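Since the structure of chain A is already known, use the hints to place chain U on it.
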Amino acid sequence: MTTHDAFRISRRGLLKAGAASASVPALSGASTAAAAPAATPAATPVNLVVNGRPRLLVLDTRTSLLDALREHLHLTGTKKGCDHGQCGACTVLVDGRRIKSCLTLAVMHEGAAVTTIEGLGQPGNLHPMQAAFVRHDGYQCGYCTPGQICSAVGVLGEIEQGIPSHVSSDLTARPLLSAAELRERMSGNICRCGAYSNIVDAITEVAGANPGGKA
Amino acid sequence: MKSFSYERASSPAQAIAAAARTPGARFIAGGTNLLDLMKLEIETPAHLIDVNGLGFERIEPTDDGGLRIGALVRNTDLAAHATVRRDYAVLSRALLAGASGQLRNKATTAGNLLQRTRCPYFYDTQMACNKRQPGSGCTAIGGVNRQHAIVGTSDACIATHPSDMAVAMRVLDAAVETMRPDGTRRTIPIADFHRLPGRTPQVESALARGELITSVRLPAPVGGRHFYAKVRDRASYAFALVSVAAIVQRDGTGRVALGGVAHKPWRIEAAERELPRGAGAVTAALLADARPSEHNAFKVTLVERTLDAVLADARS
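Here the protein sequences line up with chains A and U, keeping their order. Be aware that the first sequence starts at 1196, since it is given in my numbering, and climbs by one per residue. Be aware that the second sequence starts at 79, since it is given in my numbering, and climbs by one per residue.
Treat the hints loosely; a few may be bogus.
[To be verified] On the chain A side, residues computed to face chain U include the following (Cβ under 7 Å): (1) Thr-1239; (2) Asn-1242; (3) Asn-1246; (4) Thr-1256; (5) Arg-1257; (6) Ile-1294.
[Claimed, not checked] Below, in silico cross-link-like pairs of lysine to any residue (SDA-like), each with a Cα-Cα straight-line distance of 20 Å or less: (7) Lys-117(U) / Phe-82(U); (8) Lys-80(U) / Gln-204(U); (9) Lys-80(U) / His-1279(A); (10) Lys-117(U) / Cys-1277(A); (11) Lys-80(U) / His-125(U); (12) Lys-117(U) / Tyr-201(U); (13) Lys-117(U) / His-1279(A); (14) Lys-117(U) / Ala-1237(A); (15) Lys-80(U) / Asp-128(U); (16) Lys-80(U) / Tyr-201(U); (17) Lys-117(U) / Gln-211(U); (18) Lys-117(U) / Cys-1336(A); (19) Lys-117(U) / Asp-128(U); (20) Lys-117(U) / Leu-192(U); (21) Lys-117(U) / Arg-194(U); (22) Lys-117(U) / Asp-202(U); (23) Lys-117(U) / Gln-204(U); (24) Lys-80(U) / Ala-124(U); (25) Lys-80(U) / Ala-1238(A); (26) Lys-117(U) / Ala-1238(A); (27) Lys-80(U) / Ala-1237(A); (28) Lys-80(U) / Leu-118(U); (29) Lys-117(U) / Arg-196(U); (30) Lys-117(U) / Ile-219(U).
Rather than coming from a laboratory, the hints here were simulated on the basis of the structure. Note that the structure is predicted; figures quoted are calculated from it, not measured. Ideal placement from N, C-alpha and C gives every residue a C-beta, glycine not left out.
Next up, chain A with everything else stripped away, as it sits in the complex (with noise of 0.2 Å):
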């Protein structure tokens, strides 16, 4: 109950405190860990690849990977909804795949690679998801847009390797790249703006089948 919680009380009031996250900074680069101060018992280092990037932090063992990319690495364009894995704003690719970056512990991804928007795309150099996303506009509000892309993103590898869904309806075949299929693979990011349509136009355009196509 340090000055890191009066720092996220600061920038985000309606957060509770007490939440998971350390109290020590964030580290980059390599080597520096034995400096960072001990500030709890359960502090832990990690290496992360981050967008490409060798992060080394030091973290307390309650931290969440979300609060590890958001609050110690300063990438916020994964957000934080729910923080219970029933919304998918924190939807981030750990080598490759998408998961929920609130239910994991950052200290259980020892040397994986994780992707966020921001590893995604940048301003001038925008991922076909993230144009796609522009171009229908699959957004209202936009806070859910990053997990909804990185999902996305996740959606086309899985249907690409040849995963079933709930409404694949020949298990042994290869899945089809209807709107049902795309409807139901991103069911676990929630728009409550209800840009749901534009969004599945808008994977439909990424993954070069037709738009609306059959269901």
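Chain U in isolation, oriented as in the chain A frame:
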């Protein structure tokens, strides 16, 4: 979240030794349920043993024609495995009906079996719950209990087991393989793995303290047509009100297990003899001892209608 210490285990022996040595220790793999409960301080482990490095990620054939699924196989990978899709389709279907893509990428086979109820009164630490705080009472009995169990309940607890995967494993006669704290191994039939609440609803499985699941074994495929029908309040990403796992043979015989109705996957083998007589007869036998609460009597009808739809599909 309460503070905890953390270690990564690199072998099963190291993991069980750490669990035996450390009071309040828990294994963590996917973490999608445990961390959620830790944020709410419903689970407060003093020590976490990360078992992700134990190498239990393989799916391999067994000598008797079955399949051994490593405890750490992710739900996505199990659902997508070619042999599972072909020979154990009910298991693929059940997995794909559960959670969301992101969660299935993280959640493991063993963790899915051990996930805890989503009873809202278990989650609300202001409410009495015999599962969360033994002896405090059950708010669900007499509360809003539309989602709750209708059979196998007790005066102490009417929670359901939330897993879809476990219902398919029950209909497939799976067995849970473990390593005990003394290093010996044992095999627990899935029928005996989950417990009814009785007077100790906080005891949910047959696992001893510090016992580690290493794999789940499926017997040789039994053929037939496989179904997993899940009825829920929205089309995706919700827990079951009722689910039916079924394997139906060409001659109309088969197996049926239910989800969403009890503290464990609900199967009564004797009820399956009624399959040729239709969904009504099977449901009557499966739910003969049902004791619905104020808001969930509809589940009895819903089971019959869902099973009827499955059997109609099987005949088509």
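Each hint, compared with the structure:
1. Thr-1239: Hint holds; Thr-1239(A) Cβ to chain U Cβ min 6 Å, cut 7 Å.
2. Asn-1242: At about 13 Å, which exceeds the 7 Å cut-off, the nearest Cβ of chain U leaves the hint on Asn-1242(A) violated.
3. Asn-1246: This hint is violated: Asn-1246(A) lies away from chain U, its Cβ roughly 19 Å from the closest one there, beyond 7 Å.
4. Thr-1256: Hint on Thr-1256(A): holds, closest Cβ of chain U at ~4 Å, below 7 Å.
5. Arg-1257: 5 Å, holds
6. Ile-1294: This interface hint holds because 5 Å falls under the 7 Å limit.
7. Lys-117(U) / Phe-82(U): At roughly 12 Å apart (the allowed maximum being 20 Å), Phe-82(U) and Lys-117(U) satisfy the hint.
8. Lys-80(U) / Gln-204(U): Holds: Lys-80(U) and Gln-204(U) sit about 18 Å apart, inside 20 Å.
9. Lys-80(U) / His-1279(A): Answer holds: Lys-80(U) to His-1279(A) is near 16 Å, not above 20 Å.
10. Lys-117(U) / Cys-1277(A): 12 Å, holds
11. Lys-80(U) / His-125(U): The given pair, whose Cα atoms are some 10 Å apart, holds under the 20 Å limit.
12. Lys-117(U) / Tyr-201(U): 11 Å, holds
13. Lys-117(U) / His-1279(A): Holds, at about 8 Å.
14. Lys-117(U) / Ala-1237(A): 17 Å, holds
15. Lys-80(U) / Asp-128(U): 17 Å, holds
16. Lys-80(U) / Tyr-201(U): 16 Å, holds
17. Lys-117(U) / Gln-211(U): 17 Å, holds
18. Lys-117(U) / Cys-1336(A): Roughly 27 Å separates the two Cα atoms, so the pair is violated.
19. Lys-117(U) / Asp-128(U): 17 Å, holds
20. Lys-117(U) / Leu-192(U): 18 Å, holds
21. Lys-117(U) / Arg-194(U): Holds - the C-alpha atoms of Arg-194(U) and Lys-117(U) are around 14 Å apart, at most 20 Å.
22. Lys-117(U) / Asp-202(U): Holds, at roughly 12 Å.
23. Lys-117(U) / Gln-204(U): Since the Cα atoms of Lys-117(U) and Gln-204(U) sit roughly 15 Å apart, the hinted pair holds (cutoff 20 Å).
24. Lys-80(U) / Ala-124(U): Answer holds: Lys-80(U) to Ala-124(U) is near 8 Å, not above 20 Å.
25. Lys-80(U) / Ala-1238(A): Holds. Lys-80(U) to Ala-1238(A) sits at ~14 Å (cutoff 20 Å).
26. Lys-117(U) / Ala-1238(A): 18 Å, holds
27. Lys-80(U) / Ala-1237(A): Given that 20 Å is the threshold and the Cα spacing comes to 11 Å, the pair holds.
28. Lys-80(U) / Leu-118(U): OK: Lys-80(U) and Leu-118(U) at ~9 Å, within 20 Å.
29. Lys-117(U) / Arg-196(U): 15 Å, holds
30. Lys-117(U) / Ile-219(U): Not satisfied, since the Cα-Cα distance of roughly 26 Å exceeds 20 Å.
The structure fails hints 2, 3, 18, 30 (numbered hints given earlier, in ascending order).
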